Amino acid sequence: SQKIEQNSEALNIQEGKTATLTCNYTNYSPAYLQWYRQDPGRGPVFLLLIRENEKEKRKERLKVTFDTTLKQSLFHITASQPADSATYLCALLEYGNKLVFGAGTILRVKS
Amino acid sequence: GAVVSQHPSWVICKSGTSVKIECRSLDFQATTMFWYRQFPKQSLMLMATSNEGSKATYEQGVEKDKFLINHASLTLSTLTVTSAHPEDSSFYICSAREAGIAKNIQYFGAGTRLSVL
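Order-wise, the sequence lines are chains A and B.
Residue 342 is where the first sequence starts when you use the working numbering, and the numbers rise one by one after that.
Residue 5 is where the second sequence starts when you use the working numbering, and the numbers rise one by one after that.
Just chain B, same shape as in the assembly (with noise of 0.2 Å):
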């Protein structure tokens, strides 16, 4: 199948500072990538949908000026907590879907542990 590689995958920061997370399809364009973000023993849930060269798309009650994304190419997408606080602590995940046949099929990352301290 399709991979997708995240980094990192584990990062440790202090309060108020900002950290970014890469996403990238190694062997597929992805004409739409996602982030998800998963609390312990929960579902995961959508953060946003970024589509390349667009802004991304929101769901609701997700702070676009906290959490900011970019999908600069078919390949790279950007995750940027801004001025994380301890409440930002988390299992982040992004997801890709392939462009074309496979296109309902989406393949993620290997996940980002972060923790604000």
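Looking at chain A on its own, in the form it has when it is part of the complex (with noise of 0.2 Å):
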């Protein structure tokens, strides 16, 4: 079957520090992996998109890495902020197929 998972439990980490999200996904076959920051009550927000021909994206303190023999993506949040507190959601998009969401991991930065 098909899965997209990410870490069920929280990441906590310390201010300045750097965050690292892990997304692995079975059976699958994304064109495109994409990741988004969500806050409680709101909708998504998109963040960086990385092809399947690509291995490392960068924006400014983000990272993203795209493995696709391991099937996985780190994203990483370089000197992190109590303001990254989000949940992050990996969302992988095949070739004329729709755009499928993990469950998301929920990022706690402490000053």
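No lab work stands behind these hints: they were computed from the structure.
All values reported here derive from a predicted model rather than from experimental measurement.
Ideal placement from N, C-alpha and C gives every residue a C-beta, glycine not left out.
From the structure, some residues in chain A lie toward chain B, with a derived Cβ separation under 7 Å:
id: 1; residue: Tyr373
id: 2; residue: Arg383
id: 3; residue: Gly384
id: 4; residue: Leu390
id: 5; residue: Lys439
id: 6; residue: Phe442
id: 7; residue: Ala444
Could you use the hints to bring the two separately framed chains together as a complex?
Given below as structure tokens:
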């Protein structure tokens, strides 16, 4: 069966440290992998998109890696801040198909 | 990034009434819009996909007569929950995909919290 797995337990880190979130998938062949941020009671906000032929993508303090052999993406936030606290969603898009979301990982950054 | 506006943000209604939720792409044209439903601590579940000027495509298990979708223009889609019941209480989120270069990115509205009494 198809699955997208993200850490179900919240990730608690200290301000200034690097947060690393994991997204693993099974039985998908994504053309694109996307990361979104969702705050409580709000819709997801697009952060980064990485294509199947890309290994890494960066945007300011954010970095995403994509390993199609391991079927895994890692999402890094460097120099984390309390304002980065939110739920982070991984989403896959296959060619000609719909965007499918993981359940998300809660990140808490403590000052 | 592109902005998707969704209204209302919160609605409380009596059982048996119908509720309409609007979704607008403010600064881009959306050839395709999507409606999602999200339960607490769960992932977003796609309900239906709509293309401007054509009938919506519903996901398996979603009642099309219950959740009416209209995509009348390239910037507006509406979801009407007909004869709402308490089990329809949920968080509904719309999304729009921009036509053209950034067409693989979906932008989301802020969501609508529906509470049916």
